[in-house]
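Novice: One-letter residues, chain by chain:
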Amino acid sequence: MGDVAIRVENLSKQYQISAVQHRHDTLRDQLMDGLKSVLRRHGRSRASRDTFWALKDVSFEVAQGEAVGIIGRNGAGKSTLLKILSRITKPTAGRAEIIGRVGSLLEVGTGFDRELSGRENIYLSGAILGMKKAEITEKFDEIVAFAEVEKFVDTPVKRYSSGMYLRLAFAVAAHLEPEILLVDEVLAVGDAIFQKKCLGKMGEVGRSGRTILFVSHNMAAVTRLCNLALWLEHGQLHAVGDVDEVIARYLAAGAKGCGEMRFSEDLDQCPGSEYVRLTAVRVRNHEGGVTNVLDVRFPFSVEMVYRILRPTANLRLGLRIAAHDGTVVFSTRDLDDGQEVQVRNPGGYISRCTIPGNFLDYGQYFVSFGADTPITRSHFALDQALAFRIEPTGGVGGHVADGRSGLLRLRLPWIIEKLS
Amino acid sequence: MIPAPNVVIQPSETLLHLDLGAIWQYRELLYFLVWRDVKVRYKQTAIGIGWAILQPLISMLLFTIVFGNFANIPSDGLPYPVFIYAALLPWTYFAQALGRSGISLVGNANLISKVYFPRLMIPLAATLAPTVDFLFSFAILLGLMGWFGIAPTWGMLALPLFLLLAVMTAVAMGLWLAPLNVKYRDVGHTIPVLIQFWMYASPVVYPVSLVPEQWRLLYSLNPMAGVIEGFRWALLGQASPDFMVMAVSAAMVAALLFGGMLYFQRMEETFADVV
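Each protein sequence line maps, in turn, to chains F and V.
For the first sequence, our numbering gives the first residue as 116, with consecutive numbering after it.
For the second sequence, our numbering gives the first residue as 7, with consecutive numbering after it.
These are calculated hints, taken from the structure and not from any lab test.
What you were told as hints is all true, and nothing was included just to trick you.
With a cut-off of at most 27 Å between alpha-carbon atoms, the simulated DSS-like pairs for lysine-lysine come out as follows:
#1 Lys254(F) - Lys45(V)
#2 Lys171(F) - Lys189(V)
#3 Lys49(V) - Lys248(F)
#4 Lys45(V) - Lys266(F)
#5 Lys273(F) - Lys49(V)
#6 Lys248(F) - Lys273(F)
#7 Lys273(F) - Lys45(V)
Starting from the given sequences, assemble the full structure and let the hints guide the process.
Specialist: Written out as structure tokens, the structure reads:
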């Protein structure tokens, strides 16, 4: 331990927008979108408009055996960094040194061919990910068992259910045994059980002393897997350090501090669809004041202000409250009570949810908002748009100092009886 | 795992940084890619690898009727079916290799943008996969020769050499076309036309003896002319090929190959960003 596994010095990657402008595939759109958002944020000059830095002067070192979570918003350069370190793309400037065998896992099912059977795909994908044939043969049974596809090994994977496909794909990747593992958001797919299994496997990898670089938006997963976090912002290294500390700072910075978020004056710029546009979200305390600091003892409300543009049936708005490490505490929707299917006619609306006092424990929380028409479509989804803090002002058990664990601070019936 | 300790990642500075060792290192991957190409090609077909035989066979029948009978194109005294099949063997291989390798990088975009391995493997695998088809259709040729009573000669031992020349030609073209197609998808549409044009520029349906003497040297700049002539000589024992023609063909392939390597390497770094 202590030896350097990854050393990155002034690593930069520039994308030339003008060079890709005449092309027709999605990359162009992706880059243009990336550029536009960068430009909007920075108000850059005209001169720099045809290039943009996806990564700029990033330097860091990772010691052997460390698990590093790379966090940051979309377009912050996380994936670019991983792609450079996996040698998929070259940096424009700077250098990176990697000491040890690298395995990179940028998607689940790299190299899978739908026409081939499970058995054939294990070999193909294994070889593409960098395993030797002998090595795959050795681990074959283990992979099949992990994926739970014993009966279907010789069936073409196109006939697999999506769950089986994912399990098999992950199983192959999970049996890579590199000294340094680069993982990008592969856990974002699959059901909860599958994700848990993946996380477990990754944790195993971490404990076996291998170095992990893990890109994710799932803060709970990062917290669980990593001991360090690296926060990228607009292609630059914003912070690096202890995982809990960096994540707390990251999340706090991501949410607006004032208990309210108003969207653009221009309705078209607001999150939403041709049916509904969200104009503001806010947190109000029990007296109706907009704030982000709340007294644990009193109820408070979270509201969404929106405009309906076309008569809309079955529209459903909801919110999700997550703790400081990303763990979701609960989510709730405005049609939860099973109200009659109501058509909302054009006009301004508010959906307000009241959250009881003596419920959430002290600490920092984040609210995400979303609206959809069930089964049909999603209208908007805003991740962690607001933050609030529950202040320790007493309440349940608050009359004596206590550091209790858990996310809730409920008043539950207790009986104290003296036994005769 | 493939050992790759102490990798330094930085913008490349040298013009030529050929890493042929990497090809050797990743030989198992190459094998699997070829194997995949062969396997997937005939999945869910009723006659499977039979298509490898059927395709040149049908072309042979067609060309024999059109060029051998209607147009009465000379075949240097050989039965036209054998004469043309001996050429169709390398030609069908080449046409397939060219067609597949030209679009190989774009076809494997998902791999290129998700995992690292020497990119050269992709067009290389695409040019090697049709050699399997070649072997099957070769068996048919032996049958044809028996049918027409043509005895194999010692020249047949030189056949691998000509096949190698065909493979090299296909690899060289693949090195140019595949990266070009990444940048300009137009190339993908041009390749079928190019293949058709190239066939008539090669002595597939007619003998080289039909080409006027003064044009021969220029004609042999087409490496496939050398390959096809070589096949006819090695299999059917026609007059031994013009060594001048062979040398020009080989030199042409070497030049194409070298240039292709340079071009491929220059483009390689941007594949993942552009594809």
